[in-house]
Amino acid sequence: MVLGISGYGVAVPRLRIKREDYAKAWGSFSAAGVNEKAVAGFDEDMLTLATKVGQRALDSVPLKPDKITRFAFASTTPPYTEKLLSGTILAGLGAPGETYTTDHTSSTRAGTEALLAGFEHLTGNPGGNALVAAADAPQASMWDAIEHGMGAGAAGFVLSGFALLAEFEGSSSVVSEHFGERFRPRDEQVTRDLNVKKFSEGSFVSNTTKAASALLKKLGRKPEDYAHVVIQQPDARAPASAAGKLGFQDPQLAAGMVSANLGDLGAASTPVGLAAALEASQVGDRILVVSYGSGAGSDALSFKVISDRKPAFTVSKETARKEYIDYVQYLKLKGAIR
Amino acid sequence: MAHVSVPMYWRTIPQRYRLVGLQCKKCGKVNFPPKGVCKYCNASSEFTEVRLSGRGKVHTFTLIGAGGAPPEFAEQEKAGGVYPVTIVELDEGPKVIGQMADVNPKDVKIGMPVRAELRRIYEEEGVVRYGFKFVPLEGGA
Amino acid sequence: MRKVAIVGAGQSRYGEFPDKSIKELFLEAYQDMAKSVDRNFEPKRIGAAYIGNLGCGGFQLGNMSALVSEYVGLPYIHAMRIENACASGGYALATAAMDVMAGVHDVVLAGGVEKMTDVSGLKTKYWLGVSGDTEYERLAGTTFSGLYALIAQRHMHEFGTTREHLSMVAVKNHKNGAQNPKAQFQRETTLEKAMKAPMVAAPLNLFDCCSTTDGASAVLVTSAEKAKEFTDTPIYIEGFGTASDYLAIHDRAATTTLEGTRRAAEQAYKMAGIGPKDIQLAEVHDCFTIAELLAYEDLGFCEKGKAGPYIAEGHTEISGDKPVNASGGLKAKGHPIGATGTGQAYEMFHQLRGSVQKPTRQVKGVERGLLHNVGGSGGTVVVTVLAR
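Residue numbers (the working numbering), protein chains in the order written: chain A, 212 to 549; chain B, 16 to 156; chain C, 970 to 1357.
Derived from the structure by calculation, the hints contain no laboratory data. One should not assume that every hint holds.
[Claimed, not checked] Counterexamples of contact, computed for chain B against chain A with all Cβ distances above 12 Å:
| hint | residue |
| --- | --- |
| 1 | Lys44 |
| 2 | Ser60 |
| 3 | Thr63 |
[What the hints assert, rightly or not] For each label pair, taking beta carbons as the anchor points, the in silico distance ranges come out as:
| hint | chain 1 | residue 1 | chain 2 | residue 2 | range |
| --- | --- | --- | --- | --- | --- |
| 4 | B | Thr63 | A | Glu435 | 36 to 46 Å |
| 5 | B | Glu90 | A | Gly244 | 45 to 55 Å |
| 6 | A | Glu435 | B | Gly108 | 33 to 43 Å |
| 7 | A | Ser527 | B | Gly96 | 20 to 30 Å |
| 8 | B | Val52 | A | Ala531 | 23 to 33 Å |
| 9 | C | Arg1156 | B | Glu90 | 46 to 56 Å |
Just so we're clear, the structure is a prediction, and the values are computed from it rather than from any experiment. Glycine included, every Cβ here is placed at the ideal spot set by N, Cα and C.
Given only the sequences and the hints, what does the whole structure look like? Please build it.
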């Protein structure tokens, strides 16, 4: 049976801060290619955002919550490090408690892990509906360069075998052992990076290119078969080296380059990027999604767009809804000034 | 702190997360928040649960500054400034109080269409209490 | 049922007193009351004490009635704490009246005491915010300023009440309070200052809101017959009414009416056999300026929606035809929650007997006055009619 995406919804917090305001405060802005980024409101967190996109994804099909047979949540910054997170979201949606759910955290690969978990479920339950919600707002110390690009956003997907917008063609995954790049020990609240640049870039490029080329080979595809390529975006320049090695061109990356206006979306980076690519696609377009989680690993997924039906809550609609704050307001919200 | 215990808060999750109201079997009116006896006909304790749409209009509002914020919201007010609180007349009939979010305080007007959305309300004893707040309708569905 | 009268009334100064606890404050009020009884005052004649109190600063949750009554030399009596938020004092008086009317006791103390300034700012806000509907109104981010602001906003929308109308209440009451040696605030203010004060919960600003206050009050209630033993000029409780309303404002039929006030006033007028036009002086519950405007309407002094023009026309000044809050009201005199209701009775007792401390505040020739005491945002209300 053909499986795929039958609906999706995006949510981005309303507040934004521009690179210029960072530059005013620090003298420079370190996230390449990021013009502005989204900032979660005081009363938002990854569970409220996940519930929001879960509902939007359901509404886009439309599908009632009691039809959900599998749920997967993804975030590296959930409000609890220990508490079953899916429970809150299902209670918010009104979905049945007798549903198998999984919470995916621990790296920014969590978003695609959740998508793959959904497809895995459907392989054994082709009549089912898997709801996936990825919401993330990475955090780092105000003093660290990696903080500059960290934004906030979420995307939800309904996966099934019916009323598809895009078919799922397959995936490949890779893991490796790398450390000292982007990590957060258990007793710390903010993400760190030891800044061994070449070493971390090496891990990023090697994992993503391995996963992507394995998939292309498995499916018998060439780079030019893909209208859109969405690669993990800690900033807007990171995908370039992986893309270059794989033979993709800049125009293929353009639609999915959500970090330019929203920032580094962590585990929601490729899910939101995928939503952007779906929005920009026409029937027949193929989309390649390549995630990356430090420590490390990568998933590559291939989709083919078969419908031009567009849902209500797209990346461009959510990106357009914004209000700017300055750096002082940003710090107050992030709690740096107590 | 408001001293609303964990079980007390938990019992109201259907109302706070999903706006579940009680429709009187006798007179058909929707009680939200729930009452033990229908407050419209005062004659029945039999209800059907009904999930409200969360949509409505602003009936009245206020803008809470530092002096008006209870301790549970003191940090929110310090971090984000003045916040709007409204009484919303829901499409299904009942009125309910709720904070507004995602809106510039000076744009709040009586009659403004709004919808409910899940937000963090406050934290007590380390437990996050979630519930509905209202956002402008044109911001979403 | 027996007719009831007040034969003595006293109160402490209202204000902030770090060196006084509820015990000392209540003693001050009690002794002030004892002094005001013309003759034959004997503590052992007091059979019961009804004491209004909300929180005691949080330290004594149970049995505070026993604590303060024995402190002032009234051990072993029927002692009860009455709690209906800010209407506690008024309800203590109504309960005392019912006791005497029913003939259970002959001489009864009704009073109240509150200590609000001992606790930290955060704790104060806790106490001040939990007499509304805590689950919904509190957790929407309001304390009472927010709730009354919701009412004010709607009143302005429905009836065209203005920012200026609200501030007129503050100006009038501060002018009156400046003449009251017992008042917390004894300085006048200007309309401009009141209108420009910092916003607390829009549209209510700092000058629209009463303060936190320490204070105590006490009145002596007896049957009309026994009253002659104590004084030649007892003040009769001609009527009283008590009513409640839906606790949360959003549950009420109308946002701009305190149904509790309307019904309690109706009952009080009926019991006294009078109407609103027969009231010559009123002490109303102006915890917020909008509350006084609502009172004009809900007590029947003017039509619903017309309170703004009513105050603008000067009716409720001491020199007007319907003086309201000659004491300075809650706004200027202060609002020690549990004590406020019987503090209003203290004021009216002296107004009716022509014995107000400062003659500039004395309303001339007043024969019948009304007390209006509201719990929180209107969940409970008591209206009392006193007459010579």
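Does the structure break any of the earlier hints, and which numbers would those be? Hints 4, 5, 6, 8 and 9 contradicted; others consistent.
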